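2 protein chains.
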Amino acid sequence: MRARVVVRLKRGILDPQGSAVKRALEGLGYREVRDLRVGKLLELELDGAASAQARGRLEEMCRRLLANPVTEDFTVEIVEEGTRPNLP
Amino acid sequence: MRARVVVRLKRGILDPQGSAVKRALEGLGYREVRDLRVGKLLELELDGAASAQARGRLEEMCRRLLANPVTEDFTVEIVEEGTRPNLP
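If you read the protein sequences in the order shown, they are chains G and Y.
Numbered per this note's numbering, the first sequence spans residues 8 to 95.
Numbered per this note's numbering, the second sequence spans residues 8 to 95.
Watch out, some of these pointers could steer you wrong.
Which copy? The list can't say, so a pair holds if one copy fits it or any two copies do.
Said to hold, decoys possible - With a cut-off of at most 20 Å between alpha-carbon atoms, the simulated DMTMM-like pairs for lysine to aspartate or glutamate come out as follows:
| hint | residue 1 | residue 2 |
| --- | --- | --- |
| 1 | K47 | E84 |
| 2 | K17 | E52 |
| 3 | K17 | E33 |
| 4 | K17 | D54 |
Derived from the structure by calculation, the hints contain no laboratory data.
Bear in mind the structure is a predicted one, so any value in this text is a computation, not a measurement.
One chain only, chain G, in its complex shape (with noise of 0.2 Å):
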């Protein structure tokens, strides 16, 4: 199975990276840009179908590893087979 784990910084917790790449933007004339924040995405191939048990350990691996708990949020999504795999 395939899944996609999205790890954002949370709400009121300062983004320098996506300042930075604000900034950056405008420096090349896209004033348009309000706010830019950057997350992480992981795409995972896993062994094993799609599950509620598959799920709940991607969520551990999540709260063990993969995300801050005291900076970042995560959400997980199993993806199924035949969507488009370049969507986010």
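Given the coordinates of chain G, work out where chain Y should sit on it, guided by the hints.
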């Protein structure tokens, strides 16, 4: 309007960060992880309404700054108002 940009390493480009995370997960006992790749998710808030022109400018931002055209692919997605903001 809001938009999401996903920047991923192209197929065939080594992902040392993804390999390191995969090894760390294996070390914690998550041996079901067959492959893991790490990408970037940029979430933007922009002045103005969604339009073909706004999307064009976003794609231009990707080509000029947000993605490395040699090693990375990108996808641009306009986020419809009222959809769940938390999904990748």
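Going back to the hint list, which numbers does this structure go against?
-> 3 and 4
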